[in-house]
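**Q** Sequence:
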Amino acid sequence: MKAKLYIIAFVFLSLQIDLLAQEKTVNVELSASASRKLSTRFIGIVGTTDEGIYILRLKSKGYSISGGGLGKKGELFLDKYDHESNLIKSKEIKDIPITIVSKAKDKSYEFFYQDEKEGIWLFYSDELKGENRLFRKRLNQETLDFEEPILVANHLIMKKGLDRRSNYSIIQSKDKKKFAIYSFSGNTKTRKSHAYVEVFDNSMNSEWVINSTIPEFNKSGFETKFTNLGVAGGNKEDILLSNDGRLNVLNEVFVEKSYDEYEHILYSFHKGISEPVIHYLKNSDKYFVDLSLAHHKNGSIKIVGFYSNEKGLNPIDGLFVQSLAPLSLAVKAEEYIPFSEEDKVNFYFGGREKASKKVLDKIEKGKGFDLPSYLTINSIYTLENNSVTLCSEYLNSFQRKGVTYFGFYSMQFINISESGEINWIEKYTKKQIDRRTLSGSVYEMFEDDVIYFVYNDILNRDLLAGQINGNGESSSEVVLTSKKMGDLANFVIFPSNISKIADNQYMGVALKAFGQSLLKIEIE
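Counting from 1, position 415 in the sequence shown corresponds to residue 440 in this note's numbering; the numbering is continuous, with no gaps.
The set of hints was computed from the structure by calculation and includes no laboratory data.
Just so it is clear, CB atoms sit at the ideal spot from N, CA and C, and this is done for glycine as well.
You can take every hint at face value.
Within a straight-line C-alpha distance of at most 35 Å, the following computed DSBU-like cross-link-like pairs (lysine-lysine) qualify:
| no. | residue 1 | residue 2 |
| --- | --- | --- |
| 1 | Lys452 | Lys392 |
| 2 | Lys154 | Lys116 |
| 3 | Lys185 | Lys132 |
| 4 | Lys142 | Lys84 |
| 5 | Lys455 | Lys336 |
| 6 | Lys132 | Lys142 |
| 7 | Lys455 | Lys390 |
Okay, the calculated beta carbon distance ranges per label pair:
| no. | residue 1 | residue 2 | range |
| --- | --- | --- | --- |
| 8 | Glu232 | Leu153 | 21 to 29 Å |
| 9 | Leu153 | Arg486 | 44 to 52 Å |
| 10 | Lys185 | Arg163 | 28 to 36 Å |
| 11 | Glu360 | Asp75 | 44 to 52 Å |
Put together the whole structure using the sequences plus the hints.
**A** Here it is in structure tokens:
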């Protein structure tokens with residue numbers, strides 16, 4: 026199958042953002058729009074070397090611009106661009122599709138990894154005689170062909186329905202010197218979960234591996250299995266690999282027969298053990314609303330999130346912060362930090378001056394103000410002063426004339442000191458409403474204690490940017506425009522296909538109906 030070539034002519038965008046303490050420029054470079062079929066989805070950057078930039082894309086009639094799958098196989102293509110963003114070569118990865126539902130005997134794409142010597146490796150899995158096998162093979166960066174495969178791991182398929190294809194994942198440590206491959210397989214019928222975790226250095230040398238059965242949890246006890254260990258709440262901060270090679274997984278589960286109540290389990294995999302160390306977080310007279318993970322610079326683990334004083338999906342009453350020893354997961358410190366009425370007003374309204382008179386009168390009368398709980402934690406950042414900044418976002422969905430819409434609303438930033446005190450709370454107001462979920466929310470960039478973010482304004486057809494520094498000072502939203510093209514109406518970015526390619530440099534793809542453009546972001 027011939028790959029469609031795209032003629033790329035770049036148009037430069039520049040955006041000045043006052044960073045309060047110092048003035049910086051965020052330069053955004055967007056190519057002129059080239060034609061694109063609706064069946065094409067860009068997965069993202071898979072490698073950047075001296076030879077060029079490599080982008081993986083998918084073609085399938087079962088995919089739409091939003092990236093939703095309809096149960097069909099997808100054909101993978103690898104595109105190579107030079108550093109001036111001219112397309113050099115494009116080639117189909119013929120024998121390894123993305124499989125969604127009907128796997129048959131297919132090989133299945135898993136992920137790419139780039140090693141310290143700029144080698145780019147494709148990982149894929151297959152099934153043979155009741156076993157799943159995971160392979161890697163190196164890309165020839167000139168021809169876009171692949172060398173002979175190397176076996177990484179093999180696993181017995183314990184029960185029907187526990188095929189691991191399309192179920193292997195990769196995560197890197199913050200310093201990029203290690204990476205972990207992991208796969209969790211299980212279902213409610215088998216009442217078991219099986220974990221595979223293997224950690225490598227950035228030269229592809231295996232350091233340790235664990236294949237283990239892991240316990241699950243419901244309120245009847247640890248031995249009664251209830252739910253599969255899955256992606257923990259769907260948040261990127263719930264699975265972390267430390268710089269010394271410990272994989273920590275925070276899993277959120279429903280309490281059986283009470284689907285408005287959650288409990289949490291932390292699994293820690295590390296060298297020298299045959300099964301994970303487990304830390305259970307149970308609700309008491311306070312109920313966890315959402316929790317997430319952070320790694321402290323001293324090696325300890327922090328669990329940070331929100332709690333409510335009432336059972337169920339009830340108002341948020343404060344922050345929960347827990348510090349754990351890195352290996353044993355012993356609790357070193359734990360604190361429930363209640364929100365004052367002033368904290369709640371800052372969190373939800375962005376200050377008393379933005380709150381309604383009705384709310385302020387209610388507070389003055391001592392009746393208090395309830396914080397809605399329909400939010401999620403996007404990320405947690407550790408700053409140079411060892412404080413952490415938690416970023417959350419209000420989410421909601423609604424129907425209008427039979428159509429479901431998804432709303433991604435204001436963001437809240439809370440900075441917590443090393444000793445567990447709230448330093449500041451800042452709200453960033455935005456409103457994103459769309460029928461798709463993948464184009465919602467923001468793409469965050471963390472550089473020098475400043476959080477930058479870019480996002481879509483679907484209603485006004487704009488691309489927007491904002492930032493907040495380590496002192497809690499934020500900018501108002503800025504509309505990204507082009508000096509040559511004017512506004513960027515009709516372009517949509519998908520946060521999932523933007524990648525960091527170097528310090529202060531990011532790259533992805535911006536799409537519109539029947540068109541696509543490469544996107545570069547530089548923070549200077």
